[in-house]
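Protein chains: 2
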Amino acid sequence: MKYYAGIDIGGTNIKTGIVDELGEIVAEDSIPTGADRPQEVVLQDIIASVRGCVSTAGASLSAAGMGSPGAIDSERGVVIRNYNLGWKDFAIAPAMSEALGVPVTLENDADAAALGEVVAGCAKGAKSAMIITLGTGVGSGYVIDGKIFRGCEFGHMVIVHGGLQCTCGRKGCFEAYCSATGLIRMTREAGITEDDGTVNGKTIFDAAENGNKAAAELIDEYIEYLACGIANLINGLQPEVVGLGGGVAKQGESLLAPLREKLRREVFGGFALPRIVSCTLGYKAGLIGAAMAGKNLAASADR
Amino acid sequence: MKYYAGIDIGGTNIKTGIVDELGEIVAEDSIPTGADRPQEVVLQDIIASVRGCVSTAGASLSAAGMGSPGAIDSERGVVIRNYNLGWKDFAIAPAMSEALGVPVTLENDADAAALGEVVAGCAKGAKSAMIITLGTGVGSGYVIDGKIFRGCEFGHMVIVHGGLQCTCGRKGCFEAYCSATGLIRMTREAGITEDDGTVNGKTIFDAAENGNKAAAELIDEYIEYLACGIANLINGLQPEVVGLGGGVAKQGESLLAPLREKLRREVFGGFALPRIVSCTLGYKAGLIGAAMAGKNLAASADR
Numbered sequence: 002m003k004y005y006a007g008i009d010i011g012g013t014n015i016k017t018g019i020v021d022e023l024g025e026i027v028a029e030d031s032i033p034t035g036a037d038r039p040q041e042v043v044l045q046d047i048i049a050s051v052r053g054c055v056s057t058a059g060a061s062l063s064a065a066g067m068g069s070p071g072a073i074d075s076e077r078g079v080v081i082r083n084y085n086l087g088w089k090d091f092a093i094a095p096a097m098s099e100a101l102g103v104p105v106t107l108e109n110d111a112d113a114a115a116l117g118e119v120v121a122g123c124a125k126g127a128k129s130a131m132i133i134t135l136g137t138g139v140g141s142g143y144v145i146d147g148k149i150f151r152g153c154e155f156g157h158m159v160i161v162h163g164g165l166q167c168t169c170g171r172k173g174c175f176e177a178y179c180s181a182t183g184l185i186r187m188t189r190e191a192g193i194t195e196d197d198g199t200v201n202g203k204t205i206f207d208a209a210e211n212g213n214k215a216a217a218e219l220i221d222e223y224i225e226y227l228a229c230g231i232a233n234l235i236n237g238l239q240p241e242v243v244g245l246g247g248g249v250a251k252q253g254e255s256l257l258a259p260l261r262e263k264l265r266r267e268v269f270g271g272f273a274l275p276r277i278v279s280c281t282l283g284y285k286a287g288l289i290g291a292a293m294a295g296k297n298l299a300a301s302a303d304r
Numbered sequence: 002m003k004y005y006a007g008i009d010i011g012g013t014n015i016k017t018g019i020v021d022e023l024g025e026i027v028a029e030d031s032i033p034t035g036a037d038r039p040q041e042v043v044l045q046d047i048i049a050s051v052r053g054c055v056s057t058a059g060a061s062l063s064a065a066g067m068g069s070p071g072a073i074d075s076e077r078g079v080v081i082r083n084y085n086l087g088w089k090d091f092a093i094a095p096a097m098s099e100a101l102g103v104p105v106t107l108e109n110d111a112d113a114a115a116l117g118e119v120v121a122g123c124a125k126g127a128k129s130a131m132i133i134t135l136g137t138g139v140g141s142g143y144v145i146d147g148k149i150f151r152g153c154e155f156g157h158m159v160i161v162h163g164g165l166q167c168t169c170g171r172k173g174c175f176e177a178y179c180s181a182t183g184l185i186r187m188t189r190e191a192g193i194t195e196d197d198g199t200v201n202g203k204t205i206f207d208a209a210e211n212g213n214k215a216a217a218e219l220i221d222e223y224i225e226y227l228a229c230g231i232a233n234l235i236n237g238l239q240p241e242v243v244g245l246g247g248g249v250a251k252q253g254e255s256l257l258a259p260l261r262e263k264l265r266r267e268v269f270g271g272f273a274l275p276r277i278v279s280c281t282l283g284y285k286a287g288l289i290g291a292a293m294a295g296k297n298l299a300a301s302a303d304r
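From first to last, the protein sequence lines stand for chains H and S. Adding 1 to a residue's 1-based position in the first sequence gives its number in the numbering used here. Adding 1 to a residue's 1-based position in the second sequence gives its number in the numbering used here.
Source of the hints: derived by calculation from the structure; they are not laboratory data. Built from N, CA and C at the ideal position, the CB exists for glycine as well. Don't take every hint at face value.
Claimed, not checked - Listed below are the simulated BS3-like cross-link pairs for lysine-lysine, each with C-alpha atoms no more than 25 Å apart in a straight line:
1) H:K172 with S:K148
2) S:K251 with H:K128
3) S:K89 with H:K148
Stated by the list, open to error - Calculated Cβ distances over 10 Å to all of chain S for the following chain H residues:
4) P95
5) V159
6) G237
Stated by the list, open to error - Label pairs and their computed distance ranges (CB to CB):
7) H:G163 with S:Y84: 30 to 40 Å
8) S:P95 with H:K89: 28 to 38 Å
9) H:S301 with S:A258: 36 to 46 Å
10) H:G212 with S:G192: 49 to 59 Å
11) S:Y84 with H:K89: 31 to 41 Å
12) S:E254 with H:R82: 31 to 41 Å
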């Protein structure tokens, strides 16, 4: 059995772990990111954490993979810019490779999580899968033939020309309508709140469940936009599985059943609807996927 | 030097040819499709035409590729359904392979044309290219690392939720706004016609050139939608080159210059704008690309 280190870099915590070649986690750790420190200091913490995991697992590493948010250059293994972490032009993969003595790949964190779901989660065994994360933004990761299709990012696909202002500068992006942030905005605008006046991504679903008709209509409208964006991607790339992650996807079938219903009307006649499912791995997706990206790197180097 | 046969199947004519490994056509032929005849009879004509080309070129074939419109199954080499040709469940690639004694691949015709433009046309040498055809519909073909990314079809990506009715059943598709058909409809609705009352894809551009202000505004609106759809694909897939083909693209820089201007405002800050160019190979793109798909098939079989 071969083993790979996975590193999932987040703004608050960095998760590290050792994953076997089948995608099973055999050791893991989580450390505070401490983003106020110089990037080289954070790197030393990550190295120590990985070494701890290696020691716990009693395994020798074949390769490692990292998932990072922000603008990255996967070819060179460099985090170009990450505003949350304060990182800039950080050649983290080469530095990590030197420290660990194995090849290290750097991937976008959403891409890594998508690979995790294909190896061990909701899209296990699928020839191709699009993983869409409905969180603060809308992220997308595409995996085909077991490999990350780098840079597949459809959160800023305009679905409503001239529509809602998006943070990216465009108007009418998929993200502006379908992120948890977008849903919370819609909920607040409809005057639907928790008892204490706050609104979260669950508020609207709870209200609908309690018989609030306006809430049910708003959910229908949300799913309408979601179906529009997802149908674009199904028609455009024909994934075998579409997996939904992020906070909103926790609604499970009460979101997925009406979504499938709408998608059937939006997807080309000749195509069967892909499997539309919820992601199953949670935070582990990023860890497993990063490690499996390391595995793919080692395999391509062997060829 | 190795040689490959390319076959581009159209509703009116079928073009065949022999292409060398560098993408140069060394012999070619064109035969009427005769779509009213049984599919097996058409096949015999294609085989005879290819054999004629082989003889003219004095070359021995290493493989062949076919580009076909309609619903195809590339894995099995079967045209599932082509209404224009009246073809149904036609295992044309295996039949062709038996007749020619070499491996034969079947690709979507837009995909094949995109590969042709990457091998020998507007996107020569590009690591990745998206070729968008603005014709009766809007077709798209994506080539990455010299290979066709099968089934990348964004003509039916909704860019205006709830917008114009598209032939596919959805509302607001890229195709409904940006095909030559869509442009002709817009032109007619604006009351702009040729002297004889007809409208074609050039009418609006000619009118604008002759100082018609309404025509210039309409072109601006058309390019606005075109930029919206293309920006979605640039943000989503980050191609190195975007090549525009089809009748509308014949406008060249008078279309491309304002398009680039709008794209600069729509494409993510971190990305440089890809090269935005017109396709250069015309009908030869399909022929060359089909042959080069055959070359890729042979190369993957060798591995």
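How the hints compare with the structure:
1. H:K172 with S:K148: violated (33 Å)
2. S:K251 with H:K128: violated (39 Å)
3. S:K89 with H:K148: This hinted pair is violated, its Cα atoms lying about 34 Å apart.
4. P95: holds (21 Å)
5. V159: The claim is violated: V159 of chain H sits with its nearest Cβ about 5 Å from chain S, within 10 Å.
6. G237: Label violated. Min Cβ-Cβ 5 Å, cutoff 10 Å.
7. H:G163 with S:Y84: 30 to 40 Å: Since the Cβ atoms of G163 of chain H and Y84 of chain S sit about 35 Å apart, the hinted range of 30 to 40 Å holds.
8. S:P95 with H:K89: 28 to 38 Å: violated (55 Å)
9. H:S301 with S:A258: 36 to 46 Å: holds (41 Å)
10. H:G212 with S:G192: 49 to 59 Å: Check passed, 53 Å falls within 49 to 59 Å.
11. S:Y84 with H:K89: 31 to 41 Å: Violated - the Cβ-Cβ distance for Y84 of chain S and K89 of chain H, about 56 Å, lies outside 31 to 41 Å.
12. S:E254 with H:R82: 31 to 41 Å: With a Cβ separation near 34 Å, E254 of chain S and R82 of chain H satisfy 31 to 41 Å, so the hint holds.
When each numbered hint is compared with the structure, violations occur for hints 1, 2, 3, 5, 6, 8 and 11.
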